[in-house]
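S.K.: Quick note on this note's numbering: the sequence shown kicks off at 364 and runs consecutively.
Possibly wrong hints are sitting among the right ones.
To be verified - Using 27 Å as the maximum straight-line C-alpha spacing, the simulated BS3-like pairs for lysine-lysine come out as follows:
(1) K459 to K591
(2) K573 to K610
(3) K610 to K566
(4) K591 to K607
(5) K566 to K482
(6) K591 to K566
(7) K591 to K610
(8) K611 to K566
(9) K566 to K459
(10) K566 to K607
As the list claims (entries may be wrong) - Derived Cβ-Cβ restraints for the label pairs, each shown as a range:
(11) L535 to E415: 37 to 47 Å
(12) L456 to M401: 44 to 54 Å
(13) E373 to T539: 23 to 33 Å
(14) G468 to E557: 48 to 58 Å
(15) L407 to S567: 25 to 35 Å
(16) G399 to S567: 43 to 53 Å
Don't read these hints as lab results, they were simulated from the structure.
We treat Cβ as the ideally placed atom computed from N, Cα and C, and that holds for glycine.
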Amino acid sequence: MRVGFIGFGEVAHTLAARLIQEGAEVFTSLEGRSPGTMRRARELGVTDSEPEEVYSADIIISAVTPASAVDAARMAGAHVRGTYVDVNNIAPLTVKRALSYIENGRVVDAAIMGSVRRKGADVRIIASGEHAGDFMALNDYGLNIELRGSRVGDASALKMLRSSYTKGVSALLWETLLAAYRMGLEEDVLEVLEYTEGDDFRKSSISRIKSSAGHAERRYEEIHEIEKMLSTVMDPVMTGCIMKVFKKISSMELPHESEDYRDILEAVR
364 MRVGFIGFGE VAHTLAARLI QEGAEVFTSL EGRSPGTMRR ARELGVTDSE
414 PEEVYSADII ISAVTPASAV DAARMAGAHV RGTYVDVNNI APLTVKRALS
464 YIENGRVVDA AIMGSVRRKG ADVRIIASGE HAGDFMALND YGLNIELRGS
514 RVGDASALKM LRSSYTKGVS ALLWETLLAA YRMGLEEDVL EVLEYTEGDD
564 FRKSSISRIK SSAGHAERRY EEIHEIEKML STVMDPVMTG CIMKVFKKIS
614 SMELPHESED YRDILEAVR
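Working from the sequences, and respecting the hints, build out all of it.
M.R.: Put into structure tokens, the structure is as follows:
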């Protein structure tokens with residue numbers, strides 16, 4: 364099995380490691396990538412290829428930023444020989460637009476349902492579309508792909524609805540713990556919430572704070588996509604507030620790799 368990745372960030376790196384471990388050949392184009400990305404890809408055994416070779420793989424997985432998803436598909440368009448899978452966190456209308464550029468029509472709408480950082484390559488991936496079965500062949504190479512819906516757009520819609528909730532919780536938690544920290548009550552707030560929300564609340568909350576600090580710009584893009592989707596069925600209110608929170612966080616330089624979440628809150632201007 365030959366698998367090509369468009370983009371090679373955390374998602375691609377994690378999935379590629381498992382695929383290679385299980386015997387798949389993995390390709391990507393490292394042109395213009397950072398030295399760190401190049402080093403990590405080569406250490407895994409990923410083949411650095413011209414884009415045309417990536418597009419000729421059996422399965423081509425687009426794992427770029429939401430803002431780049433349509434352009435990535437447009438560039439691949441006429442060159443795709445296998446099945447093109449979009450795993451980007453974009454709205455159903457956007458994924459349909461992106462996949463419309465794939466001229467051979469062998470496309471899959473897919474969505475990662477959970478944290479790759481926490482779950483690794485075992486993270487659940489849902490897939491929809493007529494050719495989702497092609498993508499599910501990667502279950503034989505260690506991935507965890509489930510079929511959800513026959514239409515392109517179904518998987519993305521489920522991902523968006525889930526993200527609408529989880530990103531909203533993260534934004535609310537950010538403001539709550541920032542206020543608590545400035546009042547000297549952050550540990551008390553976590554203890555009280557853990558009592559009502561469950562034993563793992565503290566751990567998951569600190570993880571959310573670190574993730575918000577490290578990925579705020581991407582979160583902002585994701586919420587923008589969610590707002591577009593929700594606007595087709597309702598007049599959303601919360602998304603504007605959530606975007607405002609992540610936009611503000613993205614403008615700051617925060618120590619998101621710190622072991623102590625309070626270092627992040629202390630650095631907030």
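S.K.: Are there hints from earlier that the structure breaks, and if so, what are their numbers?
M.R.: 6, 9, 12 and 16
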